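Trainee: Chain by chain, the residues run as shown.
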Amino acid sequence: MLAESIVIIGVNHKTAPVAVREKLAFSGDCAGPLLTLMGIEGCRECCFLSTCNRVEVIFVASDPAAAAVAVRGFLFAKSGLADSEAQQYSYLYQGKDAVAHLYNVAASLDSMVVGEPQILGQLKQAYREAVEQKTTGAILNRLLHKSFSVAKRVRTETNIGGSAVSISYAAVQLAKKIFGNLQDKAVLLVGAGEMAELAAEHLVKQGIGRVIVANRTVERAAKLAREFNGTAVGLAELTTQLAEVDILISSTGATDLILRKDEVKPLMRQRKNRPLFLIDIAVPRDLDPELNDLDNVYLYDIDDLKNVVDVNKAEREKEAMRAEGIVAAEVVKFGQWLEGMELAPTITAIRQKANAIREAEVAKTLGMLKSLSENERRSVEMLANAIVNKLLHDPMVFLKNTAPHDNPQLKLDFVRQLFGLDKESSEQ
Amino acid sequence: MTLFFQLTLYLYLLATAVYVAHFLSQKKQVRAVARAILFAGGILHTVYFVARYLAAGHTPLTSNHEAVSFFAWSMTWAFLSFWWRYRVKNFGVFVSPLISLLMLIAAFSSQEMAPLPPALRSNWLPVHASIAIMANGFMAMAFCGGVMYLLLEREIKKKKFGIFYSRLPSLEALDNLNQHCLALGFLLLTLGIITGSAWAKQAWGAYWQWDPKETWSLITWLIYAAILHQRLTMGWRRRRAAIMAIVGFGAVLFTLWGVTYLLGGVHSYVG
Chain A
47 MLAESIVIIG VNHKTAPVAV REKLAFSGDC AGPLLTLMGI EGCRECCFLS
97 TCNRVEVIFV ASDPAAAAVA VRGFLFAKSG LADSEAQQYS YLYQGKDAVA
147 HLYNVAASLD SMVVGEPQIL GQLKQAYREA VEQKTTGAIL NRLLHKSFSV
197 AKRVRTETNI GGSAVSISYA AVQLAKKIFG NLQDKAVLLV GAGEMAELAA
247 EHLVKQGIGR VIVANRTVER AAKLAREFNG TAVGLAELTT QLAEVDILIS
297 STGATDLILR KDEVKPLMRQ RKNRPLFLID IAVPRDLDPE LNDLDNVYLY
347 DIDDLKNVVD VNKAEREKEA MRAEGIVAAE VVKFGQWLEG MELAPTITAI
397 RQKANAIREA EVAKTLGMLK SLSENERRSV EMLANAIVNK LLHDPMVFLK
447 NTAPHDNPQL KLDFVRQLFG LDKESSEQ
Chain B
5 MTLFFQLTLY LYLLATAVYV AHFLSQKKQV RAVARAILFA GGILHTVYFV
55 ARYLAAGHTP LTSNHEAVSF FAWSMTWAFL SFWWRYRVKN FGVFVSPLIS
105 LLMLIAAFSS QEMAPLPPAL RSNWLPVHAS IAIMANGFMA MAFCGGVMYL
155 LLEREIKKKK FGIFYSRLPS LEALDNLNQH CLALGFLLLT LGIITGSAWA
205 KQAWGAYWQW DPKETWSLIT WLIYAAILHQ RLTMGWRRRR AAIMAIVGFG
255 AVLFTLWGVT YLLGGVHSYV G
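Chains A and B supply the protein sequences, listed in that same order. Going by my numbering, the first sequence runs without a break in its numbering and finishes at 474. Going by my numbering, the second sequence runs without a break in its numbering and finishes at 275.
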């Protein structure tokens, strides 16, 4: 079955703790991973998605079981875990389940903070890179485009993105629980990534007093600081600044810890024990987990922030149910399209369409030519029949003959589009 | 007259139950009911106090029953006055049980009206006793704030959000509450000791005679002075301040009861 050749293997915040995920972190663009993945035997199409909370490979393979082992091996290459352990920390979806999973991811139903909007952009970016590397084909092209439109439907038809929309929002809620009023508080952003930017945006909206940006490259820091009317400093000033600020958001790409317990302990005295809220949204982690043991220091990493969101989970569960309904309906539709993507149903569909046209036209013509004899009538029918059959002959031969380098799905997709068999696809 | 006391006690207990119901349900109407009941209790309590004053012929702050009852009265009115100017989310569910507990202790101590010993017949009696007990009231509120702080802080620190996370105000607000109550309580405590000293001079001829009650008042005062001093200079804020508010309240309770029942002394006939 064609459907069974679609597989998703991945690791996310639900299946693996930060400690495992940070070992898998891929940085830079997807070109390298994509080419490696296409090198796996039997892998016909693939797309690679890597965010702070998930690493996923979406692929189409002729021998899914064998390819799955190879893909998992690729994902966990740097972790040093055996395949049996890797299976524990990862998930594998196939066929309809894979389609449903991708729709859930795109619609942000599978996110750590359900409804957060970043994931769709990240998925689109991953798809763009896959298209640039030419690693997607008829099936993934349609599947990913569909997933974007499903996400849009979920966004507009449900209120899933209504309340807590992102991790940074969750962090802001927590900051308010610790500090009450944020107006006389200062935040220090370490690392000028996308996530840090989003977090700062939320804090500014909530009226935070001051924003300070520290980055390895000062230009980047200065640019971000200007955006928030803040000040930019070099990374070397981290501890000096830490004596003054109230919230620290760390999201550097550093492979090592940038702040340890021993460095902060003396600072707390200097700070007269004003509380310090540390948010670590980096993978791998930037901040020493033991920092949380210090009095009046609260350290939250990306997994911890999930808890804040779970508090008002119940309110959103209803919306999530409606969203799941949309996803389920769309999965069925995609399943129908996939079924059509086989050779036999395509041939049947073309025949049916041609016959329908022939019958309708013959009936129309004969209706006008009432004077014709029985023989003449039969001749007209035979004429129409012959034209249809002759016209369809070459396309049918083209479809059935498979040359060694042909991509059958691409061919089917092409022919189906040519004959307008999927009305829905022509809308896009 | 005992009827007033009984009714007040029942109203406080009822208010506590309704505050707990509000804490669990978080419905605004329930809180309004709880506050109304507590307010009614406070008024009835005042009536009881005045009635007892008229019956005794002197300020009724000379027995354990009277002192503890007044302690509860001052907490009730301090709490209700907070609602007017300085609101703290879900403070009532922590304060009202303490008020009820004090009233239960008052209910179980002797309610007899003993004649006032000659040494205590002075205008200093209402001034000194009421100020000292009101100081206790504010220290008790600081104690409640400290408990709330530690409960919420624990959930944030352990990252397990339970019943308190969504219901308690921010840590900052609780810390401010703590400071607020401690500062007011400390002022009253200081005044209480000064007026007591003046009264001692009048009654016994010496400002200070190291009677256990006096000694323990001084110890309590020193503890609170240290808390406030450290808070301003060394940064004993937040968690440590919350713990110290609880420890300080322990000293308050010991001065109130421990001294009377364990150590004796000239003050021992007083609450």
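Since the hints were made in silico from the structure, they are not lab data. Keep in mind that a hint or two might mislead.
To be verified - Derived, one-sided and incomplete: chain A residues facing chain B with beta-carbon distance under 7 Å:
no., residue
1, K223
2, D341
3, N342
4, Y344
5, D440
6, F444
What the hints assert, rightly or not - Quick list of in silico lysine to aspartate or glutamate cross-link-like pairs, DMTMM-like style, CA-CA up to 25 Å:
no., chain 1, residue 1, chain 2, residue 2
7, A, K198, A, E178
8, B, K161, A, E376
9, A, K198, A, E68
10, B, K163, A, D468
11, A, K124, A, E50
12, B, K162, A, E175
Since the model is a prediction, treat every value here as computed from it, not as a measurement. Just so you know, even glycine gets a beta-carbon here, dropped at the ideal spot from N, CA and C.
Trainee: Where does the structure disagree with the numbered hints, that is, which hint numbers, in rising order?
Mentor: Structure breaks hints 5, 6, 8, 9, 10, 11, 12.
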